[in-house]
Amino acid sequence: MAYHVPVMLSKCIEALEVSKGGIFVDVTFGGGGHSKAILDSLPNGHLYAFDQDAEAQANSIHDDRFTLIQQNFKYLKNYLTLYKAIPVTGILADLGVSSHQFDEAQRGFSTRFDGPLDMRMDAGKGQTAAELLSTIELQELTDILRNYGELHNAYKSAQALIAYRQERPLLTTQDLKEALKANAPRGRENKYFAQVFQAIRIELNQELDTLKMMLQQSLQLLKPGGRLVVMSYHSLEDRLVKNFMRSGNFEGKIEKDFFGKHLVPFKLISRKPILADEEELAANPRARSAKLRIAEKL
Numbered sequence: 002m003a004y005h006v007p008v009m010l011s012k013c014i015e016a017l018e019v020s021k022g023g024i025f026v027d028v029t030f031g032g033g034g035h036s037k038a039i040l041d042s043l044p045n046g047h048l049y050a051f052d053q054d055a056e057a058q059a060n061s062i063h064d065d066r067f068t069l070i071q072q073n074f075k076y077l078k079n080y081l082t083l084y085k086a087i088p089v090t091g092i093l094a095d096l097g098v099s100s101h102q103f104d105e106a107q108r109g110f111s112t113r114f115d116g117p118l119d120m121r122m123d124a125g126k127g128q129t130a131a132e133l134l135s136t137i138e139l140q141e142l143t144d145i146l147r148n149y150g151e152l153h154n155a156y157k158s159a160q161a162l163i164a165y166r167q168e169r170p171l172l173t174t175q176d177l178k179e180a181l182k183a184n185a186p187r188g189r190e191n192k193y194f195a196q197v198f199q200a201i202r203i204e205l206n207q208e209l210d211t212l213k214m215m216l217q218q219s220l221q222l223l224k225p226g227g228r229l230v231v232m233s234y235h236s237l238e239d240r241l242v243k244n245f246m247r248s249g250n251f252e253g254k255i256e257k258d259f260f261g262k263h264l265v266p267f268k269l270i271s272r273k274p275i276l277a278d279e280e281e282l283a284a285n286p287r288a289r290s291a292k293l294r295i296a297e298k299l
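In this note's numbering, each residue carries its 1-based index in the sequence shown increased by 1.
Quick list of in silico lysine-lysine cross-link-like pairs, DSSO-like style, CA-CA up to 30 Å:
id: 1; residue 1: K85; residue 2: K12
id: 2; residue 1: K21; residue 2: K224
id: 3; residue 1: K192; residue 2: K182
id: 4; residue 1: K37; residue 2: K85
id: 5; residue 1: K178; residue 2: K126
id: 6; residue 1: K78; residue 2: K257
id: 7; residue 1: K78; residue 2: K268
id: 8; residue 1: K85; residue 2: K213
id: 9; residue 1: K224; residue 2: K298
id: 10; residue 1: K254; residue 2: K224
id: 11; residue 1: K12; residue 2: K213
id: 12; residue 1: K21; residue 2: K268
FYI, nobody ran anything at the bench for these hints, they're computed from the structure.
I would like the entire structure built from these sequences, with the hints used as guidance.
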């Protein structure tokens, strides 16, 4: 099985305008699918890729025009400064969890397999989901499930997890599902568990804060006319990306100058998100939730 099937591959390469050449950044290297395609289309220039997951190193590309940096993309500006790679021509972010991470039971990302409650994007750093759930207070857990999982029964779900851990530790993905099975809506169990896993994963890895940091840095790093291309897989990410591209802030509030002219940092190349076509959806069901947005720095 492939490490990760890159979603909307040709649309991403086209959106970045790779054929014009320049310095590009793939902030979510993963299996290297998007990076390989960028290099295949790159007439001249360099590609810098970021991935905090040590397992992604196995997919590194042997090409003089390529540099893989094993770091979280929140350190984008630091490392591109170090490599004297600023300004850049294009930045690509394929957010979320790779197919490989979902399919590895040991990582604890998937509701389909029983494995340790880990859920760390960088398996060598920070606390695990099991450690988080062993000490977290009821109100904070409720907020996480409501804000990041968009659960309607967040309080009851949080109560169930606290009650379960008082009897026995939450150590595996199966423990987590067992603790919550009475709260899963009938006929929508899979969606409910996916929302719970998503909420815990986002909190554990600080995914939304990290995304905000990357987006703010992109504005400082891109040259005028440079492209920001972002693919998101759930509404929380997509809302941040949409608002930032539209207004330069995360609230989506467009500032005006003294004369009433809109002060915006980007030109939107796609006003609405681009979605995968039917052919791709048939081949890769994971593409169903993907939303691709493209903006050009003014």
